[in-house]
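Start from chain B and add chain R according to the hints.
Protein chains: 2
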Amino acid sequence: MLHQERIKPPLYVYPMDDWKLIEKRFYPDLLPQMETMFSLSNGYLGMRGTFEEGAPVYQNGTFINGFYETWPIVYGEEAYGFAKHGQTIVKVTDGSIIRLYVDDEPFYLPAAQLLHFERVLDMQSGVLSREVLWETPSGKRVSIKSQRLVSFQYRHLAAISYEVIVQNARAPVVISSEVMVPQVEQHMDGDPRLAHGLKGRVLHPRVNYFRDQRLMLSHATDKSGMALACGVDHTLATECSYIAKTQSSEDSAKVLYNLNAEPDMPIKLVKYITYHKSKTQPPEELCERAEWTLDRAVDHGFENLLEGQREFLGEFWERSDIQVMLDPETAVRTTREIQQWIRFNLFHLCQASARVENTGIPAKGLTGSAYEGHYFWDTEIYVLPFLVYTAPQIAKNLLSFRYSLLDQARQRARDVNQKGALFPWRTINGEEASAYYAAGTAQYHINADIMYALKKYVDVTGDQAFLFREGAEMLVETARLWYDLGFFSDHKEGKFCIHGVTGPDEYNTVVNNNTFTNLMARENLWFAAQTVETLKTQDPERFLELVDETGLNPTEVQDWKRAAELMYIPFDEKKGIHPQDDSFLDREMWDFENTPKEKYPLLLSYHPLVIYRYQIIKQADVVMAMFLLGHEFTAEQKKRNFDYYDPLTTGDSSLSVGIQSILAFEVGYDQKALEYARYAVLMDLSDVGGNVSEGVHIASMGASWMVMVYGVAGLRDSDSVLSFWPRLTRGLERLRFPLQVQGQVLEVDITPESITYSLRRGEGMLIRHYNEDIRLSAENPAAVRPFKT
Amino acid sequence: MLHQERIKPPLYVYPMDDWKLIEKRFYPDLLPQMETMFSLSNGYLGMRGTFEEGAPVYQNGTFINGFYETWPIVYGEEAYGFAKHGQTIVKVTDGSIIRLYVDDEPFYLPAAQLLHFERVLDMQSGVLSREVLWETPSGKRVSIKSQRLVSFQYRHLAAISYEVIVQNARAPVVISSEVMVPQVEQHMDGDPRLAHGLKGRVLHPRVNYFRDQRLMLSHATDKSGMALACGVDHTLATECSYIAKTQSSEDSAKVLYNLNAEPDMPIKLVKYITYHKSKTQPPEELCERAEWTLDRAVDHGFENLLEGQREFLGEFWERSDIQVMLDPETAVRTTREIQQWIRFNLFHLCQASARVENTGIPAKGLTGSAYEGHYFWDTEIYVLPFLVYTAPQIAKNLLSFRYSLLDQARQRARDVNQKGALFPWRTINGEEASAYYAAGTAQYHINADIMYALKKYVDVTGDQAFLFREGAEMLVETARLWYDLGFFSDHKEGKFCIHGVTGPDEYNTVVNNNTFTNLMARENLWFAAQTVETLKTQDPERFLELVDETGLNPTEVQDWKRAAELMYIPFDEKKGIHPQDDSFLDREMWDFENTPKEKYPLLLSYHPLVIYRYQIIKQADVVMAMFLLGHEFTAEQKKRNFDYYDPLTTGDSSLSVGIQSILAFEVGYDQKALEYARYAVLMDLSDVGGNVSEGVHIASMGASWMVMVYGVAGLRDSDSVLSFWPRLTRGLERLRFPLQVQGQVLEVDITPESITYSLRRGEGMLIRHYNEDIRLSAENPAAVRPFKT
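Protein chains in written order, with our numbering: chain B, 248 to 1036; chain R, 248 to 1036.
No lab work stands behind these hints: they were computed from the structure.
Owing to the predicted nature of the structure, the values given are computational and were not obtained by experimental measurement.
Hints are supplied without guarantee of correctness; some may be wrong.
Identical chains share a label here; the pair holds if one copy fits it or two copies do between them.
EDC-like cross-link-like pairs, simulated, lysine to aspartate or glutamate; straight-line CA separation at most 16 Å [unchecked claim]:
(1) 501 to 299
(2) 822 to 994
(3) 821 to 740
(4) 267 to 365
(5) 387 to 509
(6) 526 to 350
(7) 742 to 835
(8) 739 to 829
(9) 742 to 538
Only chain B is shown next, with the shape it has when bound in the complex (with noise of 0.2 Å):
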């Protein structure tokens, strides 16, 4: 229950429109948060939607995914195992500035005077365009076009294009384009949730040289070794006349274009970005990388990077796109809305993932350093669904990152005197970043959440390959984790209870026999026992490789089916409901009632000491059991379980509100299911956390994605077969999107009257409508069905 009405004013500035996010006018108090809105990202590079200006700025941000700095995590008071070492997205060199001065003032938007001013984030374009005209304090109009893309073609690459007129007079106007890398800023303002850690500087130069107008700083970070180039080119289109001049020094570098502006005579610049990373490779090679991406995007041009665009957004979309209307002129105004809505989390969803490559998605994509660029569950749990669905190549590329990551893994479980592998909570690369253990490293069930995303990639791709090779070694690892750290239990009756540990719920640590931990855990036990046995019988060859790379021994499968077997799952059989964990039903109730709405989030207000000791809820726990594992539950107890978190659940955490709307769903509150929704489809839109300023919350929108797909179709993959419960939801006309089940296409359309279940490509599959099975095929590619009344 969200014990305080969140949607906040910001929403209502985007003007309807089914594909753009709009601005109509310059809002200074907004322009933290539309820095956010207006990122532009594809998964590898990824830019703040600041103005070209340079100012005025919230918080000017490129960031490179993976591109960190590590340093020292100093603690208060140190124990053994604690993370050693901090790992901090670092904002890169700033390639987008373009200053303009006219009559050598320059243009500073909250100065200046407008006489037109827009701004369009469009989601099939995949460019970012403002639009200014404004008058000088001399009269002269200027006409400032700007268009900006992050290309999802070349993955290195970043284009502006600028165009100034001036329409109405002759003006010395100068445009400088600069590179420059950023000030390191301080948040040491004591909200956990935001990046901190790095001191001084942290870029140091390398190499730097600039040729005409193509520009070129490389850069190192001292500890993590990390290099990087960025390079810049530009393009000058105008029959005005003009000098360019090109300065250049260790951390910035422009190029100046002093131009003689005749009236309505246009100047375009096109400016191309690029950025190239490495951990072994010098700043030499990165930039001679970079002069490749610089010379071939001259040579194709700003309109061939556009097409890229569209091209890609295109295939997004058709793979992606989840449709809500039935008819866009019809339509009443809520319903369109709600497709602008929906999209902008998906768009943000691409944006955050399309060019993942050998990297993790962290927890705000590309959009701000909050969390500090780092990889949390959040990806495997909230966002590889949608990618499952619609993009399983990226999907595999995650778990394949995930298990580059092996290795770290099994050490640190030896950090923390386990055997096997314990996957970070926190990390860039690979080793565990978080510095408060009891909401870190005690969430032990991230192990549980990579294998569980493991099992859905697998079942829903048939990748039997990826589950044999890099699969079956995690699982070997995570279960061997699992094993170790729970323990047949006589206070028990001999169950396996697993102590100590935190679930998703960070507003209750360190506690015994967590429902969602357990339950977690015997699938990852279970999932590893089977894939073993399998591969033992299927592919002996690569069995025989598996035993060498883990020493894995016969016996241990069967430790883990007994661990499985005996796993203790809490049950209160008097109220009829799991309890979150051992104590949980033990602790004092909070007083909503007198708790006032500025306390929340209540990390923020209390002592993590007292919110420990009370039946409150951060996020959903025993709920999000529910779902990831709908088959353990009774319908009972699933809205006995619902009926008694929901009032306890606060949603501090923005992962809270789809999950609890799934559910809320599922037990027939289809108020509530839809309220919960549009939290967590406005998560970002409406600022309903306070914090979008610092990025957008990726995992939100991956909620988004699974709240239409789980929740109101009703979808559920947890059991063997495809299984759909649609529900016939107020509010929307219409809800229509694909998903890709082993190489074939389905597309489920519901409309007030029916659901359509198409076969859109492939041979056939077999699915479930409420209980019945049906079967598509080339033959029979649709079904029509009409709703359980």
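Relative to chain B, chain R alone:
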């Protein structure tokens, strides 16, 4: 149970002596711990037992109790209400150095040819003396005799007498007497028990000057705003000719005596060293005070100081000595050793507490900077019993000091969202300095510990004025904290439960219903209610004042009584024991058998999450409760509890063995009790904890006294009457000790034949011998009783 033999060789280097600790030769390997063992202190000023020559040295430290610097605590991950500032005791200006050069070559112990070496800490004279006979490479025999004292009489004063005689030749002799600000060293090796936090320069120079042989350096800290003046003066007595030269800079100063030594002609330098500190007065003022102290010292002379020491200690031993032998001449070696061991503990208790005024007693006294010079519950629970019975004025000072911190405790309660007052777990200035809440702030029991000590002080001294004035106010605020912290739990039939706390045992943190805490909180609530009610009838005026000071509402007292009456005390009917907390018995058993010795203390080898998962105990917890509140347990419960917990108790804390010993005595395990007693008494002498180089364990020293008085003699005082349950223990020939009770003095004298209770001073008192009440009076001052058979 101690899982390893920990009595190590160092013990055996000290020859047997009733009153002296003697080092017969220079042991380079033992240098670090010898510096601790030979530390001198008066509770205000402490100097480690370094050599006058300044080298070799492990850790050169002069400490002023409560002279500290603060620093911002940096958390890996910050949260609301975490302690903000660290506090660290500062190594102050070192005035002890006297360097000696013969033939312009330095006297350097490790390299010197020594014909004789002896160092003696005389516990009757309060003097550390060293005698060395050095043969220089050129065959000159140089006798060096030094005597050092930290004055009990003049708390700001230390003095060193340094006598040099070249026995067999003429020689140029240079004596350089120095004062210097020590280098700041860094401890960053991850051991949480050491001091850390301070970086760079801590003492910033203020006034400095010299006049003749008098040197004056003053400094101030940056953040804590404390000022310090260190003054030194000299007298040189010799018939040899010499030139004296004085030099001074901001951070060091020296007087250099360039002498022409004649054969067998003594050169005797006396150095007087004084320290004055203040948080409010400027350095100039402190320098002036230092001048007074030096004037007086020089005027009285060294002999006078020696006399003062002897007199002070004479009174101390009169009040505090524990005699353990019948006849020094005939007693067996073991017994005589015990005498030395016990006196060593008592002597350090004296040194730590003698002149404590307006501060607490640091965990290491003033013998090292481990635990950063912080005050813990050690003072109230481990040291105060000794002081209450032997030096009640000091006990009162310590409680008054706590009272002076009440406002900060009120603020701390608000910081962690509670009502009333919460005393800091560790502090110098009254603010919480614990940077790890699980083993810090969560130890709410500190409140009850202080109130327990208050009750003991009041019970034993009868000082009702203190109870009504300072005591009542502290009681109201601490009771409020408990009432606000706990709740009446439906889940426990309406009992009053206290969740999310850490008891004394730091291997099980943030638990629900810690038996120790609940019992102690109940005592706190009862005592508060009773005091307020007594006050209301006996001193209505003061009662009204109290209401005014605290805003006390009459219903509050009823609340406290109800909470106390309904306090939930965990009890396991099946096992017949008190679980340490709600979930303790659910935990896994630790595999002691397969834990290698080098893994102890476990906290240095296992992640906290691992440790917290097991039934493994760092230090007495339920056992501690059975000691402090013995009347709350039946004899059978005590035995069962002890039997259950003792094998789980690692004794990784030095606070453990003493309490285990007392309870082992009580439940009749004499052999085990003696073994534990030995560990307690030898904690420092034998470096049981392996870290005596960082300072002595004052709490364990207090426990050593308690082991004799509460353990062997079986004193119990938590109920209304002073009772004894003496045990005839092999290995102790005799046990005789005095107790001050309400201004009277009782002597208890236990021999293998009988127990004699003698009223040495006073009108009369009621005591209990086993179950027999005995009234001692001026007429019948002594009672002789047999052992219970």
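We went through each hint and held it up to the structure:
no.: 1; hint: 501 to 299; in the structure: within (14 Å within a copy, 65 Å between copies)
no.: 2; hint: 822 to 994; in the structure: neither (41 Å within a copy, 62 Å between copies)
no.: 3; hint: 821 to 740; in the structure: between (19 Å within a copy, 15 Å between copies)
no.: 4; hint: 267 to 365; in the structure: within (12 Å within a copy, 89 Å between copies)
no.: 5; hint: 387 to 509; in the structure: within (12 Å within a copy, 101 Å between copies)
no.: 6; hint: 526 to 350; in the structure: neither (46 Å within a copy, 61 Å between copies)
no.: 7; hint: 742 to 835; in the structure: between (27 Å within a copy, 12 Å between copies)
no.: 8; hint: 739 to 829; in the structure: both (11 Å within a copy, 15 Å between copies)
no.: 9; hint: 742 to 538; in the structure: neither (62 Å within a copy, 74 Å between copies)
Consistency note: the structure conflicts with the earlier hints numbered 2, 6 and 9.
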